[in-house]
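Taking the hints into account, I'd like the entire structure generated from these sequences.
Read in our numbering, the sequence shown has 190 at position 160, and its numbers run on one by one without any break.
You may find that some hints are simply not true.
No farther apart than 20 Å at their CA atoms in a straight line, the calculated lysine to any residue pairs in the SDA-like style are these [claimed, not checked]: (1) Lys159 to Asp94; (2) Lys159 to Asn33; (3) Lys159 to Pro98; (4) Lys159 to Trp100; (5) Lys159 to Ile104; (6) Lys159 to Arg99.
Hints were generated in silico from the structure; no laboratory data involved.
For clarity, every value in this text was computed on a predicted model and none was experimentally measured.
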Amino acid sequence: MNNLRRAYLASRVCLAGGMIQLIYGLLAIPFGPYTQRASTWDEALWAVANVGMIGGALGLLALDIARPRWLAVIGAVLSVFGNLMRIMVSALLVMSPSNADAYTPFILSSIAMMVLGMGMLGVATLLGKQLYGWQAWIPLLAGGCALIIAPTYSINLFLHFILLGLWGIPWMLVGYAVFTHAANLHQTVLARHRAQARNT
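Okay, structure coming up:
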């Protein structure tokens, strides 16, 4: 039951983080970091969005549906570490935006860790065969989207920041998948307890 509570909490954090990403994308249209009106609002919002991504990884881990377990744990740790690194970079950019170029290697490293980590966790989720249909694939998709979005930074900044916002959709779907599966498990546990109570 404790794991289910953790999964519920993590799923809500993931859903909230995905919504923040969508808001980020909408705000990037008139107030994007590529405009003259840019400030540090984008980094502050992006740090919060990364907290949501952490919720997604930890929620999947709390469900204990990914197999082999060791692959899921390593994947979640890598992904969370990448998100924590990105949050740290966001904090540094808010405090000292003039040194942005110095943090580029850390941003790239955080992306690599997150993509690799979510890739491992996504594969383990598929192998676990506890989620079905699109829900089984969404963890892999959420991590893999970064491979499409990251290169657009050097192509078109407007497109890049819009895509970062839209990236919130697969993360919200991760949160939804974790929440609904946790709810189903909770109902199963309650039904089992009621059956045992009737038999005693």
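Against the structure, the hints:
1. Lys159 to Asp94: Holds - the C-alpha atoms of aspartate 94 and lysine 159 are around 11 Å apart, at most 20 Å.
2. Lys159 to Asn33: With a Cα-Cα distance of about 19 Å, the restraint between lysine 159 and asparagine 33 holds, given a limit of 20 Å.
3. Lys159 to Pro98: Holds: lysine 159 and proline 98 sit about 11 Å apart, inside 20 Å.
4. Lys159 to Trp100: 16 Å, holds
5. Lys159 to Ile104: 19 Å, holds
6. Lys159 to Arg99: Given that 20 Å is the threshold and the Cα spacing comes to 13 Å, the pair holds.
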